[in-house]
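Q: So the sequences go chain by chain: A and B.
The C-terminal position of the first sequence is numbered 420 in our numbering, with every residue numbered one higher than the one before it.
The C-terminal position of the second sequence is numbered 847 in our numbering, with every residue numbered one higher than the one before it.
Mixed in with the good hints there might be a few duds.
[What the hints assert, rightly or not] Quick partial rundown of chain A residues pointing at chain B, CB under 10 Å, derived from the structure:
#1 Ser58
#2 Asn63
#3 Glu111
#4 Lys137
[As the list claims (entries may be wrong)] Below, simulated DSS-like cross-link-like pairs (lysine-lysine); rule was C-alpha separation at most 30 Å, straight line:
#5 B/Lys545 - A/Lys293
#6 A/Lys324 - B/Lys555
#7 A/Lys326 - A/Lys395
#8 B/Lys545 - A/Lys21
In case anyone wonders, no lab produced these hints; they're calculated from the structure.
Please read these numbers as outputs of a predicted model, since none were measured by experiment.
Even for Gly, the Cβ is constructed at its ideal location relative to N, Cα and C.
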Amino acid sequence: MKYIRKEIDGGIGITFVMDEKFKTGCLTVRFITKLGDDAAQNALGISVLNVTNSKCRSLTEFNEKLGMLFGASAGTFVRKRGDVQILGLSASWVSSRYALEGVDTDQQMIEIVRDCIFSPDAENGAFSDKPFRITKKDLLDHIGTEIDNKRNYALMKAAETAFCGEPAGSACYGTKEAAEKITASSAFEAYRKILETARVEIFFSLPCDRPDAIQPVIDGFKQMSRRPQDIDFRKISPAKETLSEVREDMEMQQSKMVMVFKSGLEDVFAMKMMSIILGESPVSRLFVNVREKMGLCYYCVSRFVSSKNTLMVDCGVSEKDTEKAKEAIAAQIEDICSGNISDEDIERAIALLETSVESLGDSQSSYSGWYFESFCDGYSPEPEEYLANFRSVTKERIAAAARSLVPDTVYILCGREGGK
Amino acid sequence: MNREIIKSRVGDECIHVKHTSGLEIFISEKPGFSTSFAVIGTKYGSVHTDFRIKGEEEFTAVPEGIAHFLEHKLFENEDSKVFELYAKTGASGNAYTTFDRTCYYFSSTSNYEEPLRILLDFVQKPYFTQETVDKEQGIISQEIKMTNDNPDWRVFSNLLKNMYHSHPVRTDIAGTCESIAKIDAPLLYRCYDAFYDLHNMVLSVAGNVKADRVLEICDELLRISPDRKAEVRFPDEPETVVRPQIREKMPVGMPIVQIGYKCRPADRSGKLKKHLTAAMACSLLTDECSELYDRLLDEGVISSPPGGSVFAGEGYFSVIFSAVTDYPERVAEAIEQERERFVRDGIPENVFKRIKRCGYRDILRDTDDVESTAFLMLDACMEGSRPYEHIDIYAELTAGEVRKFMEEELVISNRVLSVIEKEVEDQ
């Protein structure tokens with residue numbers, strides 16, 4: 001394995017990983033921008049790139065080209081990370097070494113990605129009508145169907161309340177109302193702005209040592225006059241003075257409950273260890289007690305959102321048992337607050353982290369995620385350095401992390417007992 | 421025990437051993453990878469609800485959802501819980517039950533020997549008490565309710581109920597809150613004894629492992645047991661569907677549709693080829709490069725391509741298309757028109773070649789991943805074929821065979837449309 005990292009002018013970071021054990025190539029270009037009112041515009045602007053470009057102006061032609069490159073795939077994505085919106089274009093293909101008939105798939109795919117980014121299907125300051133219409137409908141459908149996955153919907157609504165007034169309270173695809181107002185020219189304008197002002201992170205991986213193959217994409221950025229914005233990847237969210245409790249009724253059999261806790265403690269490693277012990281594994285307090293002993297839930301898990309210094313606990317539970325579950329979750333947090341933490345708890349948490357770090361080189365996507373998250377968090381991407389931060393966390397620091405939690409929001413998506 | 425080395429045409433290989441205990445073992449050493457992944461599966465799923473073992477005259481009918489219930493309970497040993505044992509080694513384990521199998525697996529880095537011992541030990545050591553069975557009913561009831569709230573599952577479940585008259589595939593894998601209430605410890609032992617017989621099971625290990633060590637651990641832990649030869653009885657299933665359309669309202673943002681063609685079940689020898697042929701037909705009928713797809717997008721009927729998949733097992737075989745759309749009938753009609761066009765005009769060579777190339781990518785991706793490699797070997801054995809055999813059959817597949825499948829198996833009179841409609845209008 002070979003790892004090269006460099007940063008060039010204009011707020012652009014490039015990570016290259018050469019790993020001979022893979023047969024595929026992988027390229028991800030991430031645009032990082034502040035999450036705000038233009039979330040829907042940005043989402044649409046990036047998503048159009050997935051449909052056509054100026055050299056393949058029909059979707060059929062675009063897909064045929066990918067198909068003939070041994071089923072290469074290209075797709076866009078949008079996600080939220082705290083107060084930040086991440087917009088990306090990702091491609092994966094059978095690498096040249098394994099392609100039949102001597103086709104240089106690596107070079108051809110990089111050129112396709114370059115064309116999508118720098119030469120989208122647009123004229124007169126607007127995306128072309130057909131790709132724009134298709135993408136706008138897709139965005140509206142996506143926003144409309146956020147309700148389908150009840151667990152994700154509950155988490156989204158809980159974040160909306162917990163981070164009200166902060167960028168993180170916004171949905172990463174924006175609102176239906178904002179999406180409906182987007183025009184082909186406003187989306188194109190939003191995309192131009194992203195190209196010029198977003199922080200850019202490029203991840204590129206091949207089974208052979210061709211780091212320069214990415215040059216066409218780098219040249220594209222070099223030809224632009226960029227003004228990259230400053231990005232604040234971590235901003236502690238203040239706790240509300242009084243707990244917000246929100247209930248929403250829906251015709252379904254199981255209720256979903258999300259409890260949000262804020263913390264002002266600047267100790268992310270202890271916070272993460274506390275969350276692992278509380279509810280991130282099948283030996284966690286929530287799994288063993290709330291699920292296994294009490295039989296209240298099929299899932300009851302915690303997650304530490306480092307970008308907002310916030311802990312989220314979510315579970316699926318019968319409506320009649322929501323109070324019981326709430327008390328049981330609080331009791332498990334209280335137990336950690338009191339310092340009831342064993343050496344075994346810590347050893348298991350470390351073992352879990354070690355396993356996740358040791359396996360990161362087993363897929364190109366995990367490499368990509370690892371280097372990107374390290375960049376955002378400002379940590380060394382060296383696994384041993386990363387793990388050392390956790391190994392030095394003491395029981396006292398974990399208990400202090402639990403004691404720092406302030407209940408902020410409880411959101412319940414309320415089903416009807418004995419429904420259909 | 422003979423070691424057989426099986427090689428693929430894309431450069432991968434694995435070792436196959438038929439262990440003296442009766443267990444089929446597959447191992448793929450993958451240099452350069454850190455992860456080790458092992459999965460042990462039994463050919464026992466939710467459809468196996470009526471069975472007898474060697475020497476019995478009468479068949480036993482058991483409650484729906486018992487295979488899945490058994491999977492949950494096997495994680496509890498008499499003196500400890502399996503998750504705790506795994507956690508001490510840094511491995512993470514889990515399990516799942518499908519219509520026709522139950523599998524237990526773990527993933528680990530640096531140390532695979534201890535987790536492998538844990539896996540092989542607990543699947544051979546059932547421990548059920550009425551108290552722990554009662555407790556599990558609460559957890560599984562919550563899982564059933566969660567699944568019932570999932571519109572993607574509901575549309576599929578409704579499709580199967582309207583496609584199959586009597587085959588147990590029409591029943592949900594986890595059963596119902598009522599059916600699992602009938603499960604007790606003796607019934608669990610009865611099912612365990614019938615199906616968790618090493619002759620009915622497969623172990624597949626891939627990644628950062630040494631075949632010799634894996635086999636030594638197997639020798640140490642696998643118990644020689646008699647082949648119980650569980651025999652499963654399925655009710656007669658007509659070729660026709662129950663009814664051509666089913667609709668249900670749920671709180672969803674947009675209607676979800678599944679269009680299922682009920683096909684004839686595959687015989688054991690032709691199973692893999694039929695599966696690959698059907699998969700190729702799916703890819704052709706949902707081809708993102710087709711004029712049809714372009715038109716549906718342009719008309720606003722869909723905003724992303726319909727998905728196509730093959731759903732097959734013992735006594736059932738179907739091809740299912742899925743879409744999120746305000747116009748379910750229009751999507752069904754378009755797929756049918758496309759099928760008719762291919763049957764009438766044949767499949768153009770360039771289109772067939774392109775779709776085949778996409779399949780080649782998927783094959784390479786599978787072997788680029790430790791977990792996929794383990795499942796590739798397990799699936800092949802469970803389906804009665806050999807690892808990598810699919811690559812050879814896929815390479816030989818002709819457009820004529822796919823066209824013939826579309827003509828003979830995708831019959832509109834055996835088509836079912838399942839729709840989840842929006843419960844309330846936007847406010």
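Q: It remains to establish, for every hint, whether it holds in the given structure.
A: Hint check:
1. Ser58: holds (7 Å)
2. Asn63: holds (4 Å)
3. Glu111: Violated, because the Cβ-Cβ distance from A/Glu111 to chain B comes to roughly 19 Å (cut-off 10 Å).
4. Lys137: holds (5 Å)
5. B/Lys545 - A/Lys293: holds (22 Å)
6. A/Lys324 - B/Lys555: The given pair, whose Cα atoms are some 16 Å apart, holds under the 30 Å limit.
7. A/Lys326 - A/Lys395: holds (25 Å)
8. B/Lys545 - A/Lys21: violated (38 Å)
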